[in-house]
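Q: Input sequences plus hints: build the corresponding full structure.
With full-length UniProt numbering, the residue at position 117 of the sequence shown is 117, and numbering never jumps.
It is possible that some hints are incorrect.
Said to hold, decoys possible - List time: in silico DSS-like cross-link candidates among lysine-lysine, alpha-carbon distance up to 30 Å:
id	residue 1	residue 2
1	Lys242	Lys129
2	Lys129	Lys396
3	Lys355	Lys153
4	Lys240	Lys393
5	Lys193	Lys447
6	Lys242	Lys447
7	Lys242	Lys130
8	Lys396	Lys193
9	Lys392	Lys447
10	Lys113	Lys130
11	Lys129	Lys392
12	Lys447	Lys129
13	Lys130	Lys396
14	Lys240	Lys193
15	Lys447	Lys113
16	Lys68	Lys193
17	Lys330	Lys310
18	Lys396	Lys240
19	Lys393	Lys242
20	Lys240	Lys194
21	Lys193	Lys242
22	Lys310	Lys355
23	Lys193	Lys129
24	Lys129	Lys194
25	Lys242	Lys392
Quick caveat, the hints were computed from the structure, so don't treat them as lab data.
Nothing here was measured: the structure is a model prediction, and the numbers come from that model.
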Amino acid sequence: MRRLFVILIFWSPILFTFYDPYFGVVSYVLMNVIRPEQLMWGDRSAAGRIYLFTQAACFFSWLFNRNKEHLHGQDNPIPTQIFLLILFVSDMFIVTFFSEYAESAAWSSIFWKTTLFCFMMSKSVSSPKKMELLYVFVLIWMILLALWGFQQKFSGNTRMEGLGGEMLSDINDLSSVYVMYVPMAYYSLFSRKKWIRLGVAIPSFLIFVIFILFGGSRGAFLGLIVCMGLIFLRAQGVQKLKMVATMVFIGGLLGFVLAHIAPEGFFDEYTARLKTIKGQEDTTTGQVERESSSQGRIAMWQGAWTVFTKNPQYWWTGVGLRCYPSMYYKYFDEISAVLSEEDLSYIYNNGLGGKAIHNAQINILMSGGIPLAILWASLFFFSWQQAHSFPKKYPKIAQGVNLHNYANALEIGIIGWLVCMSFLNIEFVDFFYWHVTMIGVLNNMGKAQLQREHSGVEEDEEEEKASIRIATRRPAFSRF
1 MRRLFVILIF WSPILFTFYD PYFGVVSYVL MNVIRPEQLM WGDRSAAGRI
51 YLFTQAACFF SWLFNRNKEH LHGQDNPIPT QIFLLILFVS DMFIVTFFSE
101 YAESAAWSSI FWKTTLFCFM MSKSVSSPKK MELLYVFVLI WMILLALWGF
151 QQKFSGNTRM EGLGGEMLSD INDLSSVYVM YVPMAYYSLF SRKKWIRLGV
201 AIPSFLIFVI FILFGGSRGA FLGLIVCMGL IFLRAQGVQK LKMVATMVFI
251 GGLLGFVLAH IAPEGFFDEY TARLKTIKGQ EDTTTGQVER ESSSQGRIAM
301 WQGAWTVFTK NPQYWWTGVG LRCYPSMYYK YFDEISAVLS EEDLSYIYNN
351 GLGGKAIHNA QINILMSGGI PLAILWASLF FFSWQQAHSF PKKYPKIAQG
401 VNLHNYANAL EIGIIGWLVC MSFLNIEFVD FFYWHVTMIG VLNNMGKAQL
451 QREHSGVEED EEEEKASIRI ATRRPAFSRF
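A: This is the structure we're talking about:
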């Protein structure tokens, strides 16, 4: 049964991809939500073939169809984000060349594939309707994954570990993806299409929030709080009242659902876990005591920063992509000078190291040095600026789709991701780079719609549709 499902869901869309690469893009995005290896008992080789054939089909379909009307390039130029990604991955190869660790090559190869797919996405999602449909599919697929996670939680896998397949096996990483899509679920509540509001937006928002809470990730909880705060701040005038009313309704519904499905003792356990974010102050000594995982992360950050600042040879090419855990044991003397014995015990395993940094920003800096960090920061802030300024520069509606809502959802989503990545190693996860690519695509859609309105094309199209409706309207006395 599983193999039939895999064939139907993952292999069949390749046939449609040769007509329009958009179908391949949708299929590839969905297979990164519920990954094929999850349905094939961990068969990574078979899953790899599915990814390879889907990407190849997308690329060749674009080559053959790029001059056709549904992929017309005039309204769909290559976004600046793609050029920044090319610079980013090029610097990754330079870093790999100078690195003495083999794992760096694997990450640069993986990210080259990510960059290629982002290019295909930018050229295939060529209209607002296609963008809207893409995110509807993503939200539905993420609902299914979350429901699968709930089943796992109540079957004994209390933290829902391993749910995200090969790339997102850690529940904290997967929860961060849900944080990034919570704004998309929220703004879908205001879609012009009733079936999206009722059938997709409400279920996805409720289920995503419950999933984040059930996952128990403290970083994801902070990201969720930041996202909801920004949603409120971005609302203007009457929209704030609508948002408050919506959140009261959704919050009440969420509380009702949680009260009936949450495991016994869940709320006490969850609030106790959240309290470890700040730590507890000892009333006698005044020192702040933290839970071991939190203290270990802070110790890793301090140690990594010490190694970076005291070794100028790492400033330009870093130590290699995700290679710091393999090499920081060499700098025990430098790190021990800034950490206590207790902190050292958290990050050294019999003097061998091997602990992850758990901070993507520091990880990028250590992996590739200052140039790679600057390129990543440029990609983030350029995309944020485009999304943030979009409502002020471009029309609100195009092809019946509210572009402003998508701009807000994408902007707030990447900010929530930024909060989460401050506690995790998720700097190379595809979902973030798809978001920044779609910001560039959305910006192109806004420019195209503005040009159409200035040239009067939009009005001509509306008049033509109105005349067709009048011409085809039956007279009142018609019997048929």
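Q: Take the hints in turn and mark each one as holding or not.
A: Tested hints:
1. Lys242 - Lys129: holds, 25 Å
2. Lys129 - Lys396: holds, 14 Å
3. Lys355 - Lys153: The hint holds at about 27 Å.
4. Lys240 - Lys393: holds, 21 Å
5. Lys193 - Lys447: It holds: about 24 Å lies between the C-alpha atoms, which stays within 30 Å.
6. Lys242 - Lys447: holds, 29 Å
7. Lys242 - Lys130: This hinted pair holds, its Cα atoms lying about 27 Å apart.
8. Lys396 - Lys193: Holds. Lys396 to Lys193 sits at ~16 Å (cutoff 30 Å).
9. Lys392 - Lys447: Holds - the C-alpha atoms of Lys447 and Lys392 are around 12 Å apart, at most 30 Å.
10. Lys113 - Lys130: holds, 23 Å
11. Lys129 - Lys392: holds, 22 Å
12. Lys447 - Lys129: holds, 16 Å
13. Lys130 - Lys396: holds, 17 Å
14. Lys240 - Lys193: The hint holds at about 21 Å.
15. Lys447 - Lys113: Cα-Cα ~28 Å, so holds.
16. Lys68 - Lys193: Holds. Lys68 to Lys193 sits at ~29 Å (cutoff 30 Å).
17. Lys330 - Lys310: Distance of about 13 Å is within 30 Å: holds.
18. Lys396 - Lys240: holds, 18 Å
19. Lys393 - Lys242: Holds - the C-alpha atoms of Lys242 and Lys393 are around 24 Å apart, at most 30 Å.
20. Lys240 - Lys194: holds, 21 Å
21. Lys193 - Lys242: The given pair, whose Cα atoms are some 18 Å apart, holds under the 30 Å limit.
22. Lys310 - Lys355: At roughly 20 Å apart (the allowed maximum being 30 Å), Lys355 and Lys310 satisfy the hint.
23. Lys193 - Lys129: holds, 12 Å
24. Lys129 - Lys194: Holds, at roughly 15 Å.
25. Lys242 - Lys392: holds, 21 Å
In this structure, every one of the numbered hints holds.
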